[in-house]
Amino acid sequence: ILNVEQSPQSLHVQEGDSTNFTCSFPSSNFYALHWYRWETAKSPEALFVMTLNGDEKKKGRISATLNTKEGYSYLYIKGSQPEDSATYLCAFYYGNNRLAFGKGNQVVVIP
Amino acid sequence: GAVVSQHPSWVICKSGTSVKIECRSLDFQATTMFWYRQFPKQSLMLMATSNEGSKATYEQGVEKDKFLINHASLTLSTLTVTSAHPEDSSFYICSALPTSGRVQETQYFGPGTRLLVL
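In the order they appear, the protein sequences are chains B and R. Letter 79 of the first sequence, counting from 1, is numbered 79 in my numbering, and no numbers are missing. Letter 118 of the second sequence, counting from 1, is numbered 118 in my numbering, and no numbers are missing.
Please note that the accuracy of each hint is not assured.
Here are the computed lysine-lysine pairs in the DSS-like style, where the Cα-Cα straight-line distance is at most 30 Å [stated by the list, open to error]: (1) 58/B to 64/R; (2) 103/B to 59/B; (3) 78/B to 41/R; (4) 64/R to 42/B; (5) 42/B to 41/R; (6) 14/R to 64/R; (7) 41/R to 57/B; (8) 66/R to 14/R; (9) 103/B to 20/R; (10) 20/R to 41/R; (11) 14/R to 55/R; (12) 59/B to 42/B; (13) 42/B to 14/R; (14) 103/B to 58/B; (15) 41/R to 14/R; (16) 103/B to 78/B; (17) 78/B to 42/B; (18) 103/B to 66/R; (19) 58/B to 41/R; (20) 58/B to 42/B; (21) 20/R to 55/R; (22) 57/B to 42/B; (23) 64/R to 41/R; (24) 55/R to 66/R; (25) 42/B to 69/B; (26) 66/R to 20/R; (27) 41/R to 103/B; (28) 59/B to 41/R; (29) 64/R to 103/B; (30) 69/B to 64/R; (31) 41/R to 69/B; (32) 103/B to 57/B; (33) 69/B to 103/B; (34) 78/B to 58/B.
Everything labelled a hint here was simulated from the structure, so no lab data went into it.
Construct the entire structure; sequences and hints are all you get.
In structure tokens form, the structure reads like this:
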């Protein structure tokens, strides 16, 4: 069983504050790590696909880093806004296009 | 672009009946689609990989006769929960991989279907 852990499970952030959370995954046989943003009643939306150790990707105020040797990725939200409220999912690619998901980081931005 | 729809979004059925869920890629072709299930406070769990024109590949512990998958075209996969029971109540969500899919290709998700079996 692949262990993909996300922490913290939920967090409340004041509008304007920055925040970050962690995804840990197996450090062996690494191919790719995916991040998704999932708003209630909508489809999960792809944020990043990360493949190289040391990768850093950015999309607006959201960025992510990757450490494949130690098996973790950080997702950062700079200057949180209410529209950032969502569950952020990470998923570990484990071959044949299959993804193993963590439980998600649920973010609530308080206006 | 890259929109995936699912139908229905909600279904309530009686125990013993079968329920079919459709997953469609609206603006791209998908040789491969995936079906996931999510129980409350748990992660999305892959049930099966659906390949157009061939049999689905099921993950360990998923009953293929219980969860019938058909992928008859490059834009449609269906999941049929046969003889549904209350323990099958869950959130089912599909994703589609564009035909050009590489290792790092994004899967595009539908909005999911919530099934309640009474």
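Checked against the structure, which of the hints given earlier come out wrong? Of the numbered hints, 1, 25, 30 do not hold.
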